[in-house]
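Enquirer: Can you build the whole structure from these sequences, using the hints too?
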Amino acid sequence: MGPLRWLLVLLALLRPQGVRAGGPIRAFVVPHSHMDVGWVYTVQESMRAYAANVYTSVVEELTRRPQRTFIAVEQQFFRLWWSHVASDEQRRQVRKLLDTGRLEFVLGGQVMHDEAVTHVDDQILQLTEGHGFLYETFGIRPRFSWHVDPFGASATTPTLFALAGFDAHLISRIDYDLKEAMQEAQELQFVWRGSLSLAEQQESFTHVMDQYSYCTPAHIPFSNRSGFYWNGVAVFPDPPPDGVYPNMSEPVTPANIDLYAEALVANVRQRAAWFRTPYVLWPWGCDKQFFNASVQFTNMDPLLDHINSRAAELGVSAQYATLADYFGALHALNTTWGVRGHQDFLPYSSEPFQAWTGFYTSRSVLKGLARRASALLHAGESMFTRHMWPAPHRLLDPAWALQQLRQLRWAVSEVQHHDAITGTESPKVRDMYKEHLATGMLGVRKLMAAIVLAGPEAGERRAVPAADSGAGPEGHSAVVYNPLAWTVTAIVTLTVGFPGVRVTDESGHPVPAQLQNSTSTPSTYDLHILTTIPGLSYRHYSIRPTLGAQEGIQEPSATVASIIQFDRRPRRRASRKGRRLVPIMNDCYTVLMDQDTNLMHSIQESWSNRTVHVTQEFLEYHANGDVKQGPISDNYMFSPHEAAVPAWGAVGMEIVAGKLLTEVRQYFYRDPADKEHTYAIHSRLVHVPPSKGELLCGRIEQEYRAGPLELNREAVLRTSTDLDSQQVIHTDNNGYQMQRRPHLAHANNSIARNYYPMVQTAFIEDNRSRLVLLSERAHGVSSQDNGQVEVMLHRRLWNNLEWDLAYNLTLNDTSIVRPTLWLLLAPQPVTATLHPRDRLALQHRPVVLCGELAGPRQRAAVTLPPNLHLQTLSIPGWNYSSNHTEHLESLRKGRAAGPGDCGGPGGALTHRDLGCACAAPLELEDTDPPHPRRWELCSAPRRWHQLQSEAARRHHRHSPPKGNPHVLRSLPRAVSPHECSRPPVTPCNRTEQNTKRRKAVWRVPGGQVSESALPIQLANFRNWSFGAMVAQWLSVWLLTKRLAVQIHQPLTRNPMA
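For what it's worth, our numbering labels the leading residue of the sequence shown as 685, then goes sequentially.
Please keep in mind that the hints were generated in silico from the structure rather than gathered at the bench.
In this text, all values refer to a predicted model and were calculated from it rather than measured experimentally.
Heads up, the beta-carbon is just placed ideally off N, CA and C, and yes, glycines get one too.
Incorrect hints may have been included.
[As the list claims (entries may be wrong)] What follows is a set of in silico ranges between Cβ atoms, one per label pair, in the way DEER data are often shown:
id	residue 1	residue 2	range
1	Lys1112	Ala996	47 to 55 Å
2	Ser1292	Phe1037	42 to 50 Å
3	His768	Trp1084	18 to 26 Å
[Unchecked claim] Taking lysine to aspartate or glutamate and the EDC-like style, the derived pairs with C-alpha atoms no more than 16 Å apart in a straight line are:
id	residue 1	residue 2
4	Lys1343	Asp1271
5	Lys1376	Asp1271
6	Lys1112	Asp1488
7	Lys1312	Glu1486
Expert: Right, dumping it as structure tokens:
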């Protein structure tokens, strides 16, 4: 046997199982409409122009012929249609179509969230919003994702969806050259183990769409119009009166049906060559399609019939399908699939000079507002839940309270859309998002004020701290709420209008405070108050003007900071020697500022006494705005033509030194003669010993100002150090897990293609130290040189690309942005200890409400161990029974579960809008000293997972533990089941179909892995790959409140340790 024959035999043996050797191709035609919740047009404009018509016409047409199918994706438009447009008959038709499987909800979130710049908490929120509606309304939950348009794919998403019980994950936008290689190698389908620590425990069978993505091929050779889009293109603001839309495809006729058939079959064959099986997923639709489903199906019906009549000749058969049809057929082949690890698909480039990395920073103001709204929602949810259980302390209309929370939930969910928080929307849509967020935030502040502040007007007039809260001679009072479940020591800042202040707590004791001139409002003062607040509790402070020494009265008052000003220095090359250095220090850091340059020179950390040279400056990339001159930057893309250049000609400095904290203020001027600065850095060190405030001492807090920018500028903050980082940066996936990002040498556009999203964390390190950056909003980050971190802060762009101009997507952002970063510099074990709590302290800072406290009584404090984080404590308010069978029966009878359907004790929540109030309250009780306070919860979760041995976990994967399956007790040690003093309740949210099925098993080399059968149940997130700490999330989703616990535990296999 010759060498060639041996090679052929070897290749045959290595051929993956399931690859077809020939035979007919089966095309699964999946009708769909991609409906962006925003982007170019507001939600109201989209509903009016096309979105409502999609559901109205699709439901009508599916009812006409039994072979037709359709998949519905995002829930926001459907919920609006269902509530405000659909008739009773249309609602009955929807239920029937769902029962027969011809209408399928996929993904099921409120929106199709972005994967690069969203936080995992908000991803869970928007997914829960959509899934909760679907279960309450139809008793179903989606089984497949449809993430076809986000700009790159995060490894968090397949993990989240696997934990939510999805059977398969579908994505599209990955790097163009990688997709091309995967097509050629037939590797577009694989099992993705997106979590390094969970690995095969939570994996997703993943389908990457080919180069045609989620749209039908637009070009057909026999017509000058788009192909297979017989309803044309949606028209705004109103549908055309005559029903004739632009670009309507040629109708299918006997004269052209063969041409249509040949075009479709040719495309199916082309796609089939890129996959390993004879089954081809052929998405039929695109953006804003199927607003006239009648003309769509009327033309496609005879075309599919014609292809099937010639199937033997053409070698292709075709059928309408849902994702359940396609993935079910694929699964039946019993093919063995390749495995992908925890690597993500970021960044995303669609062409050599089109790196979609600009949106990591676009519209930074909106990114910051979205995260603040999410944090406020988290605080309002926990305060309201604690207020209501076991019985409310004060009269409060629960329906009104839930309406405030629902309004903000809707707004926070909406802005997670992949053309929202990304900053890729038009200005009017940006304003819509901001208006919805601001309105929702005001409502939740009113709710929180109504709970804790005195007076009937508390919810109206005192919800928001006043700009000048000390105008009156009597001063004012403030309530400060800690939304975290462990004691927090923090600095809160108020603006007052008098130069002397006395601050006391609820017991009348003086509180450490510092007063200094305000940097934002003339003739006012910033009052910094040191506060220590137990978990999920609040403190009350009185702020009164001091009478003054002239009256002969001595009283303790806030200390007044002194200001040292330095001359403005022109830009010049910084020296590492530093002859005139000014130290600013606390017990953890000594920061040295260079008087000759007014720049930071170095930082000495106290844990190992290492001094690291650190300098910071602002630079700008100059963007091209003329498409004739080369690639352009816009909302989406970052296309620098050359390296960034310094954006300042001189820098001024002043040091505000105080007993409580010291602040270094640097002002960067474009020109040395400018009166106004364009950039600024305010760096803060707090003088609190580690024993009293480890987190406060162990970080350098920095707030920046950037803008307004000149046109076609992209501003970055560059931090240069002498750490030997080998040009490797680590960034987080959605605040969930870390990714290692080595600098890659691309042939084209290398600067932009080495930018990555930082949602919450980034760091560089060498073998001795780690420099961590924590952020309260998303940014693009990169390491363009050894020991360097570059954070993009702001962008202002305009170009003459016709498409951008037509949709007003040029990003002419004239705003001033003020983002915050916290810096941690220490040996790796120290940062691994500080980082998990610091990032939470930055995300969930104390909430200040101005007004008198409504009585001294509040709930007992929650004091979880330092390695636990209470992710969510909420009363969702869904209206269904905890018994799944009863819920389905209620749906069949055309009614939702009411308060009388629950049975057993209902606690205090009996209002219909709160849903079934069958759960026992959150119990917080002290054990005998010296044991720590314990925290337990008794209720009926949708799913229970025990944290126990791997064998036990697998044994109980599809069934609750023996005894009462509905109780969680989270202790500093292992979590174990605990008996409640009430009868067990049937676990909810299981459809009859899901109760009987196991999740699809996708074969992988070396065996097979099965996963949970129940969507939207999140459990055992153990993937905080940062330092020696890994967060293990145990989530229990309740009927009347949802509760998730984030558990940080050492994990020895963590490569980041």
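Enquirer: If a hint holds in the structure, say so; if it does not, say that too.
Expert: Each hint, compared with the structure:
Here the CB-CB span from Lys1112 to Ala996 is close to 54 Å, well matched to the stated 47 to 55 Å. Between Ser1292 and Phe1037 the CB atoms are about 44 Å apart, so this pair conforms to the stated range of 42 to 50 Å. The hint said 18 to 26 Å for the Cβ distance between His768 and Trp1084, and at roughly 22 Å that hint holds. Simply put, Lys1343 and Asp1271 have alpha-carbon atoms about 13 Å apart, close enough for the 16 Å limit, and the pair holds.
The hinted pair formed by Lys1376 and Asp1271 meets the criterion: a straight-line CA distance of about 11 Å does not exceed 16 Å. For a cut-off of 16 Å, the pair hint linking Lys1112 to Asp1488 stands: about 15 Å separates their Cα positions. A hinted pair counts as satisfied when its Cα atoms are at most 16 Å apart, and Lys1312 with Glu1486 qualifies at roughly 12 Å.
The structure is consistent with each of the numbered hints, conforming to all of them.
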